[in-house]
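Asker: Spelled out, the chains give:
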Amino acid sequence: MSDATEGGARCSTPSAVPCIVYHLLRILLGALFLVASLEKIERPWDFGRAIYAYSILVGPFAYLISPAAIVMPALEFVCGALLVINLKVRQAALAILAMNVVFIAAIVSVIARGLDIECGCGLDVGFLGTQADAGALIRDLVILAVSLVILLAPQSTGRKT
Amino acid sequence: MWKSWKTEIIGAIKLVIVVAIVAVLVNWIRTPILLRAAEQGTISHARARITRGVNLIDPWRHKGWPEVGVQPVDGSPGPGPGPTQPDSQIWTIDVFKAKELFDAGDCIFFDARGAQYYEEGHIAGANNWPFDMFDSYHSQYADTVADADCIVAYCSGGSCDESNTLAVSLFAEGYREIYLFEGGMEAWEYMGYPTNVGSEP
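So the protein lines, in turn, are chains E and R.
Just so you know, the first sequence maps onto residues 1 to 161 in my numbering.
Just so you know, the second sequence maps onto residues 1 to 201 in my numbering.
So that you can see chain E by itself, here it is in the shape it has in the complex (with noise of 0.2 Å):
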């Protein structure tokens, strides 16, 4: 990438580790997320019943459950790309950020509610599994640390702002 950015953009000493890593970290976040929204945006049905499911968005609510089908997961792939790509890296992550509360918010209740429902995060590979429980949470906390660390790193890792 460009090293136009103030503080030095390119991996070098001293800061080479934290700056490999900050970059890794970057790509990996956002490819997750670019990958996962690629199922939720090819069937909006399924993550709108999956919305549905969460018991949630109900009564009056449910008019958000259609809107919310279809722009998280489009939130998530332009975000993921941004990550990926290096761009506006910070909003990106500050976006990812919000989406995480708020799915660890709903994974939280859907936990105390006792529903074994499916998760609908995309990504349903069998050995994360697939339903909307402990698993999903520690790894949707795990998300939340890792934008965490990509918001909050300094400048002399070659962040963009």
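Please keep in mind that the hints were generated in silico from the structure rather than gathered at the bench.
Ideal Cβ placement from N, Cα and C applies to all residues, glycine included.
Fair warning: there could be bad hints in the mix.
[Claimed, not checked] Output of the computed footprint for chain E on chain R, the stretches with three or more beta carbons under 8 Å from beta carbons of chain E:
no.: 1; stretch: 24-37
no.: 2; stretch: 50-56
no.: 3; stretch: 116-126
[Unchecked claim] In silico contact screen, one side only, chain E against chain R (beta carbon under 10 Å); selected entries:
no.: 4; residue: Pro73
no.: 5; residue: Ala93
no.: 6; residue: Ala95
no.: 7; residue: Ala134
no.: 8; residue: Gly135
no.: 9; residue: Leu137
Fit chain R to the known structure of chain E by using the hints.
Answerer: Showing chain R alone in chain E's frame:
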């Protein structure tokens, strides 16, 4: 410090708004594009149905669709029916559970409306059993029902109660594993699931 964060936060909000607007526009145009592609044979009709956009204004429960999952009609809490619960009551199901049962193929579907409505369109494979002619159809369907693992009754949806009457009649007759699909044809067609027209199932 705060100033730069403020800029970032405003930028993030702008990002969300722009993405939301674009996503809604894309959702709006994707269904006609997919339908056209299906008509031209570029993609299958099934794929067009599954991947089409969602109706932005219609809430998911606007037509009184019941809760996700399976709940007994009498309102008492309980787990879903299964082989461990042979004496379960009549269970209310939503359109997704109905589709699951439809795909599994173990249940027999009964359209509880009059023949005229049945011929205008019914769930693919469903038999017509008008609720007000229970006895006259009973002999006709007795063997079929005995072979099926479960029964799904439906009518037009919304506030229709033909299926309820049929389900209660079936239950009184001694049948068990009866599901009441409350969303009925309305929810089924809304989801784009398979239907047939005419007097044949």
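Asker: Hey, does the Pro73(E) contact hint survive, CB to chain R under 10 Å?
Answerer: holds, 8 Å
Asker: Per the CB criterion, is Gly135(E) less than 10 Å away from chain R?
Answerer: violated, 21 Å
Asker: Verify this for me: three or more residues of the stretch 116-126 of chain R with a beta carbon less than 8 Å from a beta carbon of chain E.
Answerer: violated (count 0)
Asker: According to a criterion of three or more residues whose C-beta lies within less than 8 Å of a C-beta of chain E, is the stretch 24-37 of chain R covered?
Answerer: holds (count 3)
Asker: With 10 Å as the cut and Cβ atoms as the points, is Leu137(E) at the interface with chain R?
Answerer: violated, 21 Å
Asker: Hold the hint about Ala93(E) up to the distance rule: shortest CB distance to chain R must be less than 10 Å.
Answerer: holds, 9 Å
Asker: Under 10 Å, Cβ to Cβ, is where Ala134(E) needs to be relative to chain R, so tell me if that hint holds or is violated.
Answerer: Where the cut-off is 10 Å and the nearest Cβ of chain R is about 21 Å from Ala134(E), the hint is violated.
Asker: Per the CB criterion, is Ala95(E) less than 10 Å away from chain R?
Answerer: Given a least distance of 5 Å, the restraint on Ala95(E) holds.
Asker: Counting residues of the stretch 50-56 of chain R with a beta carbon closer than 8 Å to any beta carbon of chain E, are there 3 or more?
Answerer: holds (count 7)
Comparing the model with each earlier hint shows violations of hints 3, 7, 8 and 9; every other hint is respected.
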